Amino acid sequence: NPLQHSQQQQNHHHENKSLQERLSRKRRLDVALVGAPNAGKSQLLNVLTQSPVAAVSRKRHTTRSDILGARTMGDTQIVFKDTPGFMRLENAKEERLDRDLIVTAAAEMQDVDYTLLVVDSARTLTENYRQALVQLMVGAINSKGRIEETLEEEDINRGSYEDDKNPNDIDSRPKFAIVLNKVDLVSPKSKLLDIAMDIGTMADVCMEDQFRKQGKDFGFQAKLELSPVVFYVSALKEDGVDDIMEHLLTLATPCTSWAIEPGKTTNLTPLEQVQEIIREKIYRSCHREVPHSVQQVNRLFRKVQKGLVIHQDLVVFTKSHQKLVLGSGGRTLQRIQDSARKDLQKAFGCDVALQLHVKLSKSKQRRETVH
Numbered sequence: 003n004p005l006q007h008s009q010q011q012q013n014h015h016h017e018n019k020s021l022q023e024r025l026s027r028k029r030r031l032d033v034a035l036v037g038a039p040n041a042g043k044s045q046l047l048n049v050l051t052q053s054p055v056a057a058v059s060r061k062r063h064t065t066r067s068d069i070l071g072a073r074t075m076g077d078t079q080i081v082f083k084d085t086p087g088f089m090r091l092e093n094a095k096e097e098r099l100d101r102d103l104i105v106t107a108a109a110e111m112q113d114v115d116y117t118l119l120v121v122d123s124a125r126t127l128t129e130n131y132r133q134a135l136v137q138l139m140v141g142a143i144n145s146k147g148r149i150e151e152t153l154e155e156e157d158i159n160r161g162s163y164e165d166d167k168n169p170n171d172i173d174s175r176p177k178f179a180i181v182l183n184k185v186d187l188v189s190p191k192s193k194l195l196d197i198a199m200d201i202g203t204m205a206d207v208c209m210e211d212q213f214r215k216q217g218k219d220f221g222f223q224a225k226l227e228l229s230p231v232v233f234y235v236s237a238l239k240e241d242g243v244d245d246i247m248e249h250l251l252t253l254a255t256p257c258t259s260w261a262i263e264p265g266k267t268t269n270l271t272p273l274e275q276v277q278e279i280i281r282e283k284i285y286r287s288c289h290r291e292v293p294h295s296v297q298q299v300n301r302l303f304r305k306v307q308k309g310l311v312i313h314q315d316l317v318v319f320t321k322s323h324q325k326l327v328l329g330s331g332g333r334t335l336q337r338i339q340d341s342a343r344k345d346l347q348k349a350f351g352c353d354v355a356l357q358l359h360v361k362l363s364k365s366k367q368r369r370e371t372v373h
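Each residue of the sequence shown is one higher than the last, beginning at 3 in the numbering used here.
No wet-lab data here; the hints were simulated from the structure.
Be careful, since some hints might not be right.
Distance condition first, Cα-Cα at most 27 Å in a straight line; then the derived DSS-like pairs of lysine-lysine [what the hints assert, rightly or not]: (1) K305 to K321; (2) K364 to K344; (3) K28 to K364; (4) K193 to K146; (5) K266 to K344; (6) K215 to K146; (7) K305 to K364; (8) K361 to K305; (9) K266 to K321; (10) K308 to K325; (11) K28 to K193; (12) K364 to K308; (13) K239 to K218; (14) K193 to K266; (15) K191 to K146; (16) K239 to K305; (17) K266 to K215; (18) K239 to K146; (19) K321 to K364; (20) K344 to K308; (21) K266 to K325.
Derived DEER-like restraints, expressed as beta-carbon distance ranges [said to hold, decoys possible]: (22) H313 to T126: 57 to 65 Å; (23) V299 to R132: 39 to 47 Å; (24) E210 to E129: 19 to 27 Å; (25) V299 to D206: 29 to 37 Å; (26) G202 to N130: 41 to 49 Å.
Quick caveat: nothing in here was measured; it's all calculated off a predicted structure.
C-beta: ideal position from N, C-alpha, C; glycine also.
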């Protein structure tokens, strides 16, 4: 029957068209990475984004929060967001599980779709640590979803969700996962199950409490659907991280725009990436107050046949800071230079000749860091 055949062709055409439309639809998930100091967030982030610059990029990209890095796979982009104090929390002293920083981080988790709560599984769960984790869980549970800026429209949209449920509803979707990091340092391995059970119970109590505040019942079904997944990883050994990425990809929702150009892990220019990588090494190698008062001045950034040549001055404003950045016999500066060179070679995929010089500024006035 020609009519039937024509109808079949039409149906096939529509099916193909809708498949193409579905395939061309972009998806996105904005993820906050949170956890106490030294839980290994930077390392985990570098592995997730496959980029050494991701962990320290603090450039403003969106209205409320910073993009640390992104990974684009097929039609989906996973965007990792900073929370204030990401760097400070990572570098804070053990005893300073700074209440304010944790509360600020929890408040800033408002604008993400999902949270990875990174826990150092080799560390004892002290009462302080538990309280910090609970604060971060509460922040994750109450997150509202990403904010999207579109070029076409003046308005700003929250991330769209396919079902009719209100994404702001506490019981509409899972909000966070627990990442037990540094599992290679835990022995015997049976301890990991105890830690997972302990933190899982804390999460359930948190969720029950938040449900009750909204006048809802945290029943068996809700527990089944919304209780956080637990991942066992060693970010340092890049073990178990693929499972996290696969999980995040399944949670992505349709979006109007991606945050970062596909193929890139950051929106930073090459020179900004250089600045950030070197700055991170200064953070890692020097006393906490020093990095804020070091001004980076780029002297040379040149492509040559064999790779890149980079010369940078690290300008300080006091003799004591000059001594701290140089270190005994120039060892601290050498350490900054060597570790920065490694990351720069990884970031740019070529040889890098890096020279850093510490200069004491004669000017009394401290200027802003050049970026």
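Comparing the hints with the structure gives:
For a cut-off of 27 Å, the pair hint linking K305 to K321 is broken: about 34 Å separates their Cα positions. For the suggested pair K364 and K344, the alpha carbons sit about 32 Å apart, so the restraint of at most 27 Å is broken. With a CA separation close to 53 Å, the supplied pair K28 and K364 exceeds the 27 Å bound. Taking the CA atoms of K193 and K146, the gap is about 34 Å. The hint is violated against a cut of 27 Å.
Under the criterion of a C-alpha separation no larger than 27 Å, the hint pairing K266 with K344 is consistent with the structure, at around 19 Å. Of the pairs offered as hints, the one joining K215 and K146 holds, with about 16 Å between alpha carbons and a cut-off of 27 Å not exceeded. Taken as a hint, the K305 and K364 pair is broken in the structure, with Cα atoms around 32 Å apart against an allowance of 27 Å. At roughly 25 Å between alpha-carbon atoms, K361 and K305 fall within 27 Å of each other, so this suggested pair holds.
With a CA separation close to 40 Å, the supplied pair K266 and K321 exceeds the 27 Å bound. Proximity of K308 to K325 is assessed by CA-CA distance (about 34 Å); at most 27 Å being required, the pair is judged violated. This hinted pair does not check out: K28 and K193 have alpha carbons roughly 41 Å apart, beyond 27 Å. Pair hint K364 plus K308 does not hold up; C-alpha atoms about 36 Å apart against a cutoff of 27 Å.
For the given pair, K239 sits about 42 Å from K218 by alpha-carbon distance, which is inconsistent with the 27 Å threshold. The hinted pair formed by K193 and K266 fails the criterion: a straight-line CA distance of about 39 Å is larger than 27 Å. For the given pair, K191 sits about 36 Å from K146 by alpha-carbon distance, which is inconsistent with the 27 Å threshold. For the suggested pair K239 and K305, the alpha carbons sit about 32 Å apart, so the restraint of at most 27 Å is broken.
Straight-line distance between C-alpha atoms of K266 and K215 comes to about 42 Å, which puts the hinted pair past the 27 Å bound. For the proposed pair K239 and K146, the alpha carbon gap of about 33 Å is over 27 Å, so the pair is violated. Between K321 and K364 the CA atoms are separated by roughly 11 Å; this keeps the pair inside 27 Å, and the hint holds. At roughly 16 Å between alpha-carbon atoms, K344 and K308 fall within 27 Å of each other, so this suggested pair holds.
Distance restraint check for K266 and K325: the Cα-Cα separation of roughly 38 Å exceeds the 27 Å cut-off, and the hinted pair is therefore not satisfied. H313 and T126 have their C-beta atoms about 46 Å apart, which leaves the hinted 57 to 65 Å range violated. The hinted range of 39 to 47 Å is satisfied by V299 and R132, whose Cβ atoms lie roughly 45 Å apart. For E210 and E129, the hinted distance range of 19 to 27 Å is satisfied, since their beta carbons lie about 20 Å from each other.
Hint check: V299 to D206, Cβ distance near 52 Å, so the stated range 29 to 37 Å is violated. Between G202 and N130, the C-beta spacing of about 20 Å breaks the proposed range 41 to 49 Å.
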